[in-house]
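The two chains are supplied separately, each in an independent frame; assemble them into the complex guided by the hints.
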Amino acid sequence: MIIPDKQKHLPPEQGAVMVEFILSLILLLTVVMAFAQQYVRSVDKLSHYSLANQVTFGPQLPTLSFNESSGEFERLQDTRPPLNLILNFLERMAADNKYSFYAGLGYLAIDPETGYIGTANTPSGFEIGNSSDLVHTTMPGATSPCNNDSLRRLALYEFMREKLKELRSLPGQSPDPGDEWRVGLKIYEFKLGDTRYRQYSEFYPYIFISICSNPVNIIYPQSTVTYHMISPRRLVN
Amino acid sequence: MKPIIKNTSQKESGVTMLETAITLPLLIVMVIAIYDLGRIYTTIVLCQDISLMAAKLAVAADPKADTPATSNLIKTIPNEDPSITNGRNQSWTNFLQRLNSQISGKTTFTSRELKTLNLAYGYLHSLNANIAFPIPEESSTAARFDVSRELLGDSTNCSITFSYDLTPWGSETDADSRHRQFYATCALPLTSSTLLGGLFSSSGLLVIERTAYAYQSGPAL
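Chains A and B supply the protein sequences, listed in that same order. For what it's worth, the numbering used here labels the leading residue of the first sequence as 1, then goes sequentially. For what it's worth, the numbering used here labels the leading residue of the second sequence as 1, then goes sequentially.
Isolated chain B (complex conformation) (with noise of 0.2 Å):
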């Protein structure tokens, strides 16, 4: 009677092993790399979204929600550690002087602006609520979104933030009325990087941006 599993050789078993070797880390890498490029893409749509809808607002003819204070506009992540909060209150307070850099004397946001803040955080709390808002900066000199994966968790964080654009169009109609570049800014924590060793971005994060103009969105002062 003929056995029904077969014995293999010693050969075949190690043409299985190997195929396994190989086989095995790479199904475990794609599936991952595909699990994180799906999250990227829906990131860049999101921010692509976001930073549209925040243009359209700031051109509306008038923005309908309240004027809210800058700490008001704060998402943070269940049991956020003290430090991080305080990180989220320092990126408003480099946002403005950022944007004090570009024209003097703006020390607060006109309420118009605040208005329109507070109308794309809604939006972006719409489409997903577990995002954490603005994305926490260490210090007044540190770069624009140099953050370390420690200071955000493993929870995505995104800001909206504009600058002024001074460039004449040719078409204006109204001086007082500047321009402003909108963008939308994700930190997004790769899976790819916790267990891969950083093979995609070595701070483990991936700061995804997309802007949208809003020609003569309102006064800047």
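Bound conformation, chain A alone (with noise of 0.2 Å):
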């Protein structure tokens, strides 16, 4: 069938509009699935923050050991049974495979008399060793960048410290701050006479924790890394 000439394309106007309202349809669709693209996320992140506070009143081990022998509050030689353990409850409490956590142990420093901060063997004021002490669980269904090792690594070692040295800025030490500023556990206080003797242990464990995970994708892959820092409960062997 031959077709006129004047049927065979629409005058300029209406193919104006055809083309305005094809882009606005696209633009409409993009705005909903770009809502929909955080909407998933949103509600992922509300699971990492729910998963972290279960951990504050989760099953734990003791994050510090008793010297007997010194008599002072130390360190764990060995970070990784307590971390284990939180990594374990973790992961049995995730919605799905597809998740990483990682976690550390961090200390800070505190003086054994005053509370405060930092010590003269440790003028840093925190320790939190190597990179390579954090522990880590990747599920099966983990994708890019969560089952990223070196970076996920990275990315919480830097959380730590960068927490911790936030942490021993405050006014700490000199000259003498005040009560509200000794924040170590504190073991015993009594008052003999005019004297006030009190003992801090000489470590403030936090246990720091990245939670990532990759939520359904609907215009671009994507994942949602949260990064939490835990006071654990006081349990000492």
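Everything labelled a hint here was simulated from the structure, so no lab data went into it. Some hints could be false.
Said to hold, decoys possible - Incomplete in silico selection of chain B near chain A, CB under 10 Å: (1) Asp49; (2) Ser51; (3) Ser163; (4) Leu166; (5) Thr173.
Quick reminder that beta carbons are idealized off the backbone N, C-alpha and C, glycines included.
Now the structure itself:
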């Protein structure tokens, strides 16, 4: 059939309207998809904070040890048992198998007589070991960047260092900033005559966790990463 | 003199009609979907918050609350049909039976468990006073939360339940204290399924559940 020339093309006005319509439809769909992407990411983030919250009252092992011969609280020589227990718990509570969890243990060095951060032996005010000391669980469904071991280790290690540095920058030691800056774990305090005696644990432990998950891909692959600093329960052997 | 309103040709009108015919239903669907997604999101947040709060209350040293009877832990919808209220009572019986299948001899809730549930439902009520609880269950043999929309009406219904977890964690300090997994479950009637004939859910209800773990949260019997 031969189509008459005037039916072959839409007049320019109608063509412009069609182009406008198609463009706005594409734009609208893009906005909806982007909204959906943020939606699933936000739900994922929510579950991360819920998991971290549960660690605070979940199963834990002591993070300090007491040396009976010296009468001092010490850092753990092997930090893996308490961290592995937490990772087992997180893995068990994870909503699916797309998570990776990294955990580390850091200590604030405390002056046992004043409770302020920082001692002569540890001028930096904290000890976090090396990034190789971090323990991790990567579930089989986790994809990049959650399964990128070196990246995850480095990111958590930096988080630990920056957080503890931030605490170290609090007014401590000099000259005497007051009771509100005594952050150590108090072992005892009493007053004898006019003298006040008190003793703090030499270290204050913190557990650091990074949670990474891969939520549903809607427009592009994405990951949700959150970092948590948790004060463990006061458990000593 | 030129007219202010130009007469459109039949072709132009056709294009406009086509646009409207495509755009309008799409916009309506999108508005309803966004409305439902908003409700789903807030319900997810609510469930997450409630389950966490219940778990925190369960591990508290001594939850301060009355010890209610389960028949008092019911909130009905206004002018509720008695069969629905019976369903709410039935859900408490079913809940206890499920616990009994885990821990033999579990025929009543402990005082601590009832206090925890009392506080958790109180928290739920303080967050949204329009939510009815618990989700009614039709019979003792029905699957958990297998409810119809007709039974719930158009209101959101939520249940707070728990199950015992018998996993040894390697850090036990009290052998008598059991671990519990708390669930906050909400049955949410979707507007989209009413208007669009079950596009998102065939039953017209979306059941959302979130969980939190209460480690060593007291004896079971």
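Going down the list of hints, with the structure as the test:
1. Asp49: Holds: closest Cβ of chain A sits about 9 Å from Asp49(B), inside 10 Å.
2. Ser51: holds, 8 Å
3. Ser163: For Ser163(B), the interface hint is violated, since the closest Cβ of chain A sits about 14 Å away, which is over 10 Å.
4. Leu166: Where the cut-off is 10 Å and the nearest Cβ of chain A is about 13 Å from Leu166(B), the hint is violated.
5. Thr173: holds, 9 Å
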